[in-house]
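> Sequence:
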Amino acid sequence: MSVWRRRAEGREPTQAQRLFRGLVREWLWVSLILLPLTAVLSLSHGLA
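Numbering (my numbering), first residue to last: 311 to 358.
The hints are simulated quantities; they were obtained by calculation from the structure and are not laboratory data. There's no promise every hint is true.
If you anchor each label on the Cβ, the simulated ranges turn out as follows [to be verified]:
{"#": "1", "residue 1": "L353", "residue 2": "R328", "range": "47 to 53 Å"}
{"#": "2", "residue 1": "R321", "residue 2": "H355", "range": "47 to 53 Å"}
{"#": "3", "residue 1": "Q325", "residue 2": "G356", "range": "43 to 49 Å"}
{"#": "4", "residue 1": "L353", "residue 2": "A326", "range": "37 to 43 Å"}
{"#": "5", "residue 1": "L353", "residue 2": "E322", "range": "41 to 47 Å"}
{"#": "6", "residue 1": "L351", "residue 2": "F330", "range": "26 to 32 Å"}
Virtual Cβ for every residue (Gly too), placed ideally from N, Cα, C.
Could you put together the complete structure from these sequences and hints?
Here you go:
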């Protein structure tokens with residue numbers, strides 16, 4: 311694993327890596343927006 315990582319570091323990221331990073335970023339944004347939203351909704355639902 312470490313050998314593969316060392317070899318990949320020298321190169322620029324492949325398309326798969328770029329796609330994966332884009333997906334991770336999308337999921338981070340979605341979770342950042344949805345987590346507070348669901349928390350607020352569940353709180354308001356519990357109060358009502």
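> Given the hint of 37 to 43 Å, is the C-beta distance from L353 to A326 inside that range or not?
For L353 and A326 the Cβ distance comes to about 40 Å; the hint holds.
> 47 to 53 Å was suggested as the range; check whether the CB atoms of R321 and H355 agree with it.
50 Å, holds
> For the pair L351 and F330, does the Cβ-Cβ distance stay inside 26 to 32 Å?
30 Å, holds
> Between Q325 and G356, does the beta-carbon spacing fit 43 to 49 Å?
Since Q325 and G356 have Cβ atoms about 45 Å apart, the given range 43 to 49 Å holds.
> Would you say the C-beta atoms of L353 and R328 sit inside 47 to 53 Å of each other?
The hint (47 to 53 Å, Cβ to Cβ) is violated, given that L353 and R328 are roughly 38 Å apart.
> Indicate whether the distance between the beta carbons of L353 and E322 respects the range 41 to 47 Å.
For L353 and E322 the Cβ distance comes to about 46 Å; the hint holds.
Of the hints listed earlier, the one the structure fails to meet is number 1.
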